[in-house]
Amino acid sequence: MTSHLSRRLAFAFTLPALVAIAPFVAACLYILRFSLSGEQGVIEGFSLTPYYELLTPYFGRSVWITLKLSLIATSVVIVLAVPLALVLVTLQSNLARRLLTVTILLPLILNLLVQAYGWVLLLGPSGVINSTLIALGLTDRPVRLMFNETGVLLGLIQTSLPLAVFPIASSVRSISSEYLEAASSLGATHWRSFRDITLPLLRPGLVAAASIVFAFNASAFAIPLLLGGRRVQMVGLAVRDMISPLFNWSGAAAGGMVLILLTIFVLFASNYLVRKTTARIGT
Amino acid sequence: MKTALLPGRNGGSFTFAIRLLAVIGILVCALPVAIVTIMSFSASEFTGFPPQSFSFRWYQDVWALFTAADASSAQSVSEATLTSITVAVLVMIISTVVCVPLAYVLARSERRVREGMETLFTLPLVFPLVMLGIAFLLMAESLKLELGIWRIVIPHVALVLPFVLRNCLGAMSGIHVEVEEAAVSLGASPARAFWDVVIPMMKPGILAGLIFALIISFNEFTVTFFMYTIDISTLPIWMYSRTVSSLDPATLAISVVIILFDLVLILLVDRLIAGRANLF
Amino acid sequence: MSDTHLSIENVTKSFGTVHALADVSLNVDRGSFVCLLGPSGCGKTTLLRIIAGFEAASAGSLTLDGKSITGQPAHHRGFGMVFQSLALFPHMTVAQNIAYGLKLRKAGRAEQSQRVEELLEVIELPNIADRPVSALSGGQRQRVAIARALAIRPSLFLLDEPLSALDAKLRENMQIELRRLQQKFGVTTILVTHDQAEAMMLADELVVMKDGRIRQTGKPTDVYRKPADRFVADFLGSANLVDARVGPGGKLVFLGAQTGHVAPFSENAKVSVAVRPEDVRLSLPGTSDTPVNSAIAAQVVFRRDLGAVSEWILSVGDVEIRARCPRNQNPDASVGDEVAVDIDFEDCQIYAG
Numbered sequence: 001m002t003s004h005l006s007r008r009l010a011f012a013f014t015l016p017a018l019v020a021i022a023p024f025v026a027a028c029l030y031i032l033r034f035s036l037s038g039e040q041g042v043i044e045g046f047s048l049t050p051y052y053e054l055l056t057p058y059f060g061r062s063v064w065i066t067l068k069l070s071l072i073a074t075s076v077v078i079v080l081a082v083p084l085a086l087v088l089v090t091l092q093s094n095l096a097r098r099l100l101t102v103t104i105l106l107p108l109i110l111n112l113l114v115q116a117y118g119w120v121l122l123l124g125p126s127g128v129i130n131s132t133l134i135a136l137g138l139t140d141r142p143v144r145l146m147f148n149e150t151g152v153l154l155g156l157i158q159t160s161l162p163l164a165v166f167p168i169a170s171s172v173r174s175i176s177s178e179y180l181e182a183a184s185s186l187g188a189t190h191w192r193s194f195r196d197i198t199l200p201l202l203r204p205g206l207v208a209a210a211s212i213v214f215a216f217n218a219s220a221f222a223i224p225l226l227l228g229g230r231r232v233q234m235v236g237l238a239v240r241d242m243i244s245p246l247f248n249w250s251g252a253a254a255g256g257m258v259l260i261l262l263t264i265f266v267l268f269a270s271n272y273l274v275r276k277t278t279a280r281i282g283t
Numbered sequence: 001m002k003t004a005l006l007p008g009r010n011g012g013s014f015t016f017a018i019r020l021l022a023v024i025g026i027l028v029c030a031l032p033v034a035i036v037t038i039m040s041f042s043a044s045e046f047t048g049f050p051p052q053s054f055s056f057r058w059y060q061d062v063w064a065l066f067t068a069a070d071a072s073s074a075q076s077v078s079e080a081t082l083t084s085i086t087v088a089v090l091v092m093i094i095s096t097v098v099c100v101p102l103a104y105v106l107a108r109s110e111r112r113v114r115e116g117m118e119t120l121f122t123l124p125l126v127f128p129l130v131m132l133g134i135a136f137l138l139m140a141e142s143l144k145l146e147l148g149i150w151r152i153v154i155p156h157v158a159l160v161l162p163f164v165l166r167n168c169l170g171a172m173s174g175i176h177v178e179v180e181e182a183a184v185s186l187g188a189s190p191a192r193a194f195w196d197v198v199i200p201m202m203k204p205g206i207l208a209g210l211i212f213a214l215i216i217s218f219n220e221f222t223v224t225f226f227m228y229t230i231d232i233s234t235l236p237i238w239m240y241s242r243t244v245s246s247l248d249p250a251t252l253a254i255s256v257v258i259i260l261f262d263l264v265l266i267l268l269v270d271r272l273i274a275g276r277a278n279l280f
Numbered sequence: 001m002s003d004t005h006l007s008i009e010n011v012t013k014s015f016g017t018v019h020a021l022a023d024v025s026l027n028v029d030r031g032s033f034v035c036l037l038g039p040s041g042c043g044k045t046t047l048l049r050i051i052a053g054f055e056a057a058s059a060g061s062l063t064l065d066g067k068s069i070t071g072q073p074a075h076h077r078g079f080g081m082v083f084q085s086l087a088l089f090p091h092m093t094v095a096q097n098i099a100y101g102l103k104l105r106k107a108g109r110a111e112q113s114q115r116v117e118e119l120l121e122v123i124e125l126p127n128i129a130d131r132p133v134s135a136l137s138g139g140q141r142q143r144v145a146i147a148r149a150l151a152i153r154p155s156l157f158l159l160d161e162p163l164s165a166l167d168a169k170l171r172e173n174m175q176i177e178l179r180r181l182q183q184k185f186g187v188t189t190i191l192v193t194h195d196q197a198e199a200m201m202l203a204d205e206l207v208v209m210k211d212g213r214i215r216q217t218g219k220p221t222d223v224y225r226k227p228a229d230r231f232v233a234d235f236l237g238s239a240n241l242v243d244a245r246v247g248p249g250g251k252l253v254f255l256g257a258q259t260g261h262v263a264p265f266s267e268n269a270k271v272s273v274a275v276r277p278e279d280v281r282l283s284l285p286g287t288s289d290t291p292v293n294s295a296i297a298a299q300v301v302f303r304r305d306l307g308a309v310s311e312w313i314l315s316v317g318d319v320e321i322r323a324r325c326p327r328n329q330n331p332d333a334s335v336g337d338e339v340a341v342d343i344d345f346e347d348c349q350i351y352a353g
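Protein chains in written order, with the numbering used here: chain A, 1 to 283; chain B, 1 to 280; chain C, 1 to 353.
Hints listed in this document are in silico derivations from the structure and should not be mistaken for laboratory results.
In this text, a Cβ means the ideal position worked out from N, Cα and C, and glycines have one as well.
Hints are not guaranteed to be accurate.
Beta-carbon label-pair distances, calculated as ranges [unchecked claim]:
no.: 1; chain 1: B; residue 1: Gly174; chain 2: A; residue 2: Ala12; range: 23 to 29 Å
no.: 2; chain 1: A; residue 1: Ile134; chain 2: B; residue 2: Val23; range: 23 to 29 Å
no.: 3; chain 1: B; residue 1: Ser55; chain 2: C; residue 2: Gln72; range: 56 to 62 Å
no.: 4; chain 1: B; residue 1: Val97; chain 2: A; residue 2: Leu32; range: 26 to 32 Å
no.: 5; chain 1: B; residue 1: Gly174; chain 2: C; residue 2: Ala269; range: 29 to 35 Å
no.: 6; chain 1: A; residue 1: Tyr272; chain 2: B; residue 2: Ser55; range: 54 to 60 Å
Straight line, CA to CA, 25 Å or less: simulated SDA-like cross-link-like pairs of lysine to any residue [said to hold, decoys possible]:
no.: 7; chain 1: C; residue 1: Lys103; chain 2: A; residue 2: Ile72
no.: 8; chain 1: A; residue 1: Lys68; chain 2: B; residue 2: Gly11
no.: 9; chain 1: C; residue 1: Lys106; chain 2: A; residue 2: Leu199
no.: 10; chain 1: C; residue 1: Lys270; chain 2: C; residue 2: Pro248
no.: 11; chain 1: C; residue 1: Lys226; chain 2: C; residue 2: Glu267
no.: 12; chain 1: C; residue 1: Lys184; chain 2: C; residue 2: Arg245
no.: 13; chain 1: C; residue 1: Lys103; chain 2: B; residue 2: Gly11
no.: 14; chain 1: C; residue 1: Lys103; chain 2: A; residue 2: Leu246
no.: 15; chain 1: C; residue 1: Lys106; chain 2: A; residue 2: Thr189
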């Protein structure tokens, strides 16, 4: 027996997994087909009408809000994730590193409702921030922080931060500290080494992390639903509204395809960017 | 030693700025969870901050919710929790049983095949969750499929496959084909070698995958939001329907129980794959 | 004439309860080439990193040209350093790497490129300025790393086992190259190595370290000829360390034979004698070139010819002695034969105990 398995065994071992993922593939194809349907409620004939009907100011606004919020959230996440990754990698104590890992990881895994409750308690009219502001006399009326873009933005940042921290941390781990020492021996200050050495070496990792975060945020649903209170209509919510009150299934499918294409485009573009930069470094 | 990346002493303004941003990051991550935990111990119905006094009354309320036979609401919290657990356990078992042999085959096959299959099984991870929910809903509704609990189990399996497969592949990467050949040379059949040698060596990775599947399915909201029915719904959906208009402290108490459950499982995974693999 | 450039006084470094350096003092003369030599874990790299400013000493002080630099951050010291991994910046070209230190010093573009050209000329790689670092061979990387460190006209040139990754032949060439560059620039240089041949060949001043302490400092030949203790004798040139004692009249009794050599120890003192393999002379017993004074009978246990020299292991009772003879002084003996061993104890160091 060599490392080449017999074909029959390989097939037998792969089949269960293929069966498990088949509904997913079927659902993907099904939604693609539905988006090209001539009827709103059933699959009937071929037509691009569902896509044409998306060209409304309403859906356009959704796309605009989605792009805007995802972009801002992604920028903030990267600005916070790089320092977190640096601290995480340089922590000396095992216990501290484990605690920090769990703290960062929890928001990614924990039931989104629980986190939304947390934000409501923080940002609501009688929440922590407003009580503090009023107690300090900075304002006499609660500031509106929730059910608008601010609340959604904070929620997006929080839930997507872990997605960026862990890949960036593994990029940080692969930077030899001798590079920084070499820069320092040549006269670079800490800021200068960070700008000239750390950031350029992290660039592929940063681009990859940013694209994942962007894709995740662009397709956000639960956060705008729970924290936006329907006032912040990101694409995910707009698509859902086509189904639930409107029963425009083919329209929802087409809107969904737009979202998927957007995500795929971002992932491919960043993949291309990463390849280009690593090819230049050539290691 | 990586101190040069973030100098501890003599770090000056650089270290200060990095640490400040890191602290902000930690606050953003942890504050919502911390505040939910604090407020769940509040003694008052009013969810304003800070709480005037502390008590366990909401935890007692939750206990009562679970124990009392609640016929009034369409679906009680205990039923929803039971469904959540049943779904999570089914998802955990199915995804693992399916991924272990797949990981074994992929680890032993050519690079091209391996990369292709990995890409296929990573797709659910990059696919927008809303779309996954809508796609499954459209398919189930327009084809009028009667699936019962499998309405939720099937999409959840697709969701956790990338995580479970990654853990199993990670576990396989340390197992050289020679250990199997050694078993065979001693008289074991290939199937016996797989069972006696490979599976035990994969165990930490398999367990980590199991737990990941459990956590993800148990906490899943978005896809379930599209798939639930009046008869089959999970704990997160129950919480959503209860708090759609306003927050009530009893839900916060349930939240804290969920937080603890997740924390224990994460720590377990961390211990299982300590230092040997990335969580993501 | 001694012109002290760098002065290290009573430097101590502890990591928790582990003492990496214990009370190390050293003066480095201007323009000299100093090699820190010792086995791994002896503290030589820690000492170099303290000089560079990457580690802080737990106690003690550093003085450069009479001014204290003890607490000065690394990026203000202006010492060029070559790292073990070379640490060439992978995202920069050769020219960008070499010019980086000048760029930090706000040198003009013209000045930068002129200096880069100059250094590439010196390291004899004039046409590689625009290549990415990853396209260079091992030896080329080495030279670029050296050029990068020298480009800033460093007051001290520090090297941390820079040649350890090269194969033997390339390594020897680079040693010669390095020595020539150092002499050309006249820069005070400190190199860390665990390779005694490398240290012997490069150093003006050899510093042998063990367990966080300096065991001996001196010119390489002096250290080699007169090792201060048994460790240095063994580490530098792998001497035979043979237990002996002092007989009547202070005369050495070596492997049971009374010698004529007077040792500066009291009678009956136990001593050990460090005998270098090349100081052991062999002959066939009873032939004309057998010396009469102190021949010891030994049996050949092992012999191998390496061309220019031959190496022997001989047994005298239950003691084994290694010998190395030039080609033209090989006795005609093979394993199992008896040979006469002659040692001139004037060339040997004798230690108490």
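Comparing the hints with the structure gives:
1. Here the CB-CB span from B:Gly174 to A:Ala12 is close to 24 Å, well matched to the stated 23 to 29 Å.
2. At about 25 Å, the beta-carbon gap between A:Ile134 and B:Val23 stays in the expected band of 23 to 29 Å.
3. Between B:Ser55 and C:Gln72 the beta carbon distance is about 59 Å. The supplied range of 56 to 62 Å therefore holds.
4. With their beta carbons about 30 Å apart, B:Val97 and A:Leu32 fall inside the hinted range of 26 to 32 Å.
5. Distance hint for B:Gly174 and C:Ala269: a CB-CB separation of about 59 Å, inconsistent with the stated range 29 to 35 Å.
6. The given range of 54 to 60 Å is respected by A:Tyr272 and B:Ser55, whose C-beta atoms sit roughly 57 Å from each other.
7. The hinted pair formed by C:Lys103 and A:Ile72 fails the criterion: a straight-line CA distance of about 34 Å is larger than 25 Å.
8. Between A:Lys68 and B:Gly11 the alpha-carbon distance is near 36 Å, which puts this suggested pair outside the 25 Å criterion.
9. With a C-alpha separation of about 21 Å, the suggested pairing of C:Lys106 with A:Leu199 holds against the 25 Å cut-off.
10. Note on C:Lys270 and C:Pro248: the hinted pairing holds, with a Cα-Cα distance of about 13 Å set against a maximum of 25 Å.
11. With a C-alpha separation of about 23 Å, the suggested pair C:Lys226 and C:Glu267 falls inside the 25 Å cut-off, and the hint holds.
12. Annotation: proposed proximity of C:Lys184 to C:Arg245 is violated, straight-line Cα distance about 50 Å (limit 25 Å).
13. Taking the CA atoms of C:Lys103 and B:Gly11, the gap is about 22 Å. The hint holds against a cut of 25 Å.
14. Restraint check: the Cα-Cα separation between C:Lys103 and A:Leu246 comes to about 63 Å, which exceeds 25 Å; the hinted pair is violated.
15. This hinted pair checks out: C:Lys106 and A:Thr189 have alpha carbons roughly 13 Å apart, not beyond 25 Å.
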